[in-house]
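Student: The residues making up each chain are set out below.
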Amino acid sequence: MTPEATQQLLDIAYIAATVLFILAIKWLSSPVSAKRGVLAGEIAAALAVGATLCNPELVAYKWVVITLILGAAVGIPLGLVHMTAVPQRTALSHAFGALSAALIGIAEFYVGVQQGNVTRFQMGEIGLEVIIGSLTFTGSLIAAGKLQEILPQRPIVYRGQNLVSLSVLSAALLLAIALVVNPANTVLFPIMVMVALVFGVLLVTPIGGADMPTVISLLNSYAGFSAALLGFVLNSKVLVVAGALDGSSGFILSVIMCKAMNRSFTNVMFGAFGQVQAGTAAAAEQRTVRSASPEEAAGILAAASSIVIVPGYGMAVAQAQHKVRELYDALTKKGVTVKFGIHPVAGRMPGHMNVLLAEADIPYERLVEMEEINSDMPQTDVALIIGANDVTNPAARTDAASPIYGMPIVDVDKAHTVMVIKRGMSPGFAGIDNPLYYLDKTLMLFGDAKQFVGSIVRELAGGHG
Amino acid sequence: MPADFLSNLYVFILAGFVGFELIKRVSPLLHTPLMSLTNALDAIVVVAAIIIAGRQETPLATVLGAIAVAASFSNMVGGFLITDRMLRMFKTGKPKQP
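These protein sequences, in sequence, are chains A and B. 465 is the number that our numbering gives the last residue of the first sequence; the numbers go up by one with no jumps. 98 is the number that our numbering gives the last residue of the second sequence; the numbers go up by one with no jumps.
Hints listed in this document are in silico derivations from the structure and should not be mistaken for laboratory results. Certain hints may be false.
[Said to hold, decoys possible] Quick list of simulated restraints, FRET-style, between CB atoms:
| # | chain 1 | residue 1 | chain 2 | residue 2 | range |
| --- | --- | --- | --- | --- | --- |
| 1 | B | Thr58 | A | Asn235 | 17 to 25 Å |
| 2 | A | Asp361 | B | Met1 | 49 to 57 Å |
| 3 | A | His322 | B | Tyr10 | 44 to 52 Å |
| 4 | B | Phe5 | A | Ser33 | 34 to 42 Å |
| 5 | A | Ala461 | B | Lys24 | 40 to 48 Å |
| 6 | B | Met1 | A | Leu174 | 19 to 27 Å |
| 7 | B | Tyr10 | A | Pro3 | 22 to 30 Å |
| 8 | A | Ala184 | B | Pro2 | 14 to 22 Å |
Backbone N, C-alpha and C define an ideal beta-carbon position, used for all residues, glycine too.
Hey, can you work out the whole structure from these sequences and the hints?
Tutor: Spelled out as structure tokens, the structure:
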């Protein structure tokens, strides 16, 4: 076969892969067709990798084969992690994706310099690609470290932080511009890479655990756009398309997360979030709360006809999702309608709660989005909150002085009775007092989420039928 | 401005619009699998890494390419595997609800 004919065959394989990529995402729109989407993606990947291995430009296979095996050896365990570890796994995979995009850009630079054919335009593309890839690599590693709790989850902040971070970013961009002026400068290039790596660390360190859904989406977007830019550098359309899809996906998720936390996009871009001041809420006077035992809670739940359970990160931490399923089963058997109200930023990444509850075998029709569940709330007998706090805080609706004012919440306070499973009276992540706990209709259920739900389930099984 | 750049930009913009329209329609129920699937698709950079590592132009490029192959292929394998596992967990309840 002539080289031209081979190249055309490779291009056809890549075009087929591109079409399958788009179908993969299209089919992910509903749980019914989603498995087909994964299959389409797998066929596309196999096609593209298979075609690439036939590329006549390849002269030696040894390292390719060794590293493919190594990659699979790392990837398989990362694909088998427990569902509660999915956020950190995702952050780690953003790091890997960005790392490989950055390394390929770096390799292109050095090969181009050796061959003496780096144009200014290419240098600009490579510079931008390597900067985004590098900062996404270190930023995602920090995010993964925070999610795995190797690093502190609280925001690490200091005076003049934004100024320092922006200066470092500007330095990286200035170095890139200097490289465009003088493309073959092998001294400036590694410095630019280092500065970009440092910026990634500075970008994510100040961000607290509760803001992780936004950060992880943003890093997703950066990782995608660095792959798309790599497609520009290498003139590879399949990379441009895959990167554009991944980048726009991350971008849309970041926007959804921003809206769900009532933050502006610039606020996110400058990393100035996760710094909500405790401020006004500290002045709250001593108020009384009503608490209840598992027996009392079980009695109220058994007498209800409709219940909405609102889960949050605390449910994930306590690993309570399987006990929650038992509670769901016990109540459903008694003829109680049980739904789950899912806030978009509940948990540590977009969709986190849905995956945990699906893992516990709760039918997905029962997992209801915030807007939809809010219209049901006034007709709901009991709202049961498990490990969620700020996303149920009515101050977001009523108190203009509250740091979370304007944030959309699950309107649990509109249900006839509210029950909150909580370890103690400590405020949530953002340090904001929750007036919900002092309402007359609210019962506090103090204890570990998993144990408390377990006790309720036992009461329901043993008690009144 | 090179002609390649413009044709790539053309593809990028169109793919961006397609992505935007498709992803808007993905149910929030599936946002976590969406992220892991797009991650696996993004791991297509492995094809560029394979060429860099297998072309053996300079020792440095080969080493960088080889690391990139391992990093992106682990994403590809792990990403599809975990997306598939997650989607298997999403089950519908009993018979059809009205």
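Student: So, for every hint listed, does it hold in this structure?
Tutor: Evaluated hints:
no.: 1; hint: B:Thr58 with A:Asn235: 17 to 25 Å; result: 20 Å, holds
no.: 2; hint: A:Asp361 with B:Met1: 49 to 57 Å; result: 56 Å, holds
no.: 3; hint: A:His322 with B:Tyr10: 44 to 52 Å; result: 50 Å, holds
no.: 4; hint: B:Phe5 with A:Ser33: 34 to 42 Å; result: 36 Å, holds
no.: 5; hint: A:Ala461 with B:Lys24: 40 to 48 Å; result: 44 Å, holds
no.: 6; hint: B:Met1 with A:Leu174: 19 to 27 Å; result: 23 Å, holds
no.: 7; hint: B:Tyr10 with A:Pro3: 22 to 30 Å; result: 26 Å, holds
no.: 8; hint: A:Ala184 with B:Pro2: 14 to 22 Å; result: 18 Å, holds
Violated hints for the displayed structure: none, as all numbered hints are satisfied.
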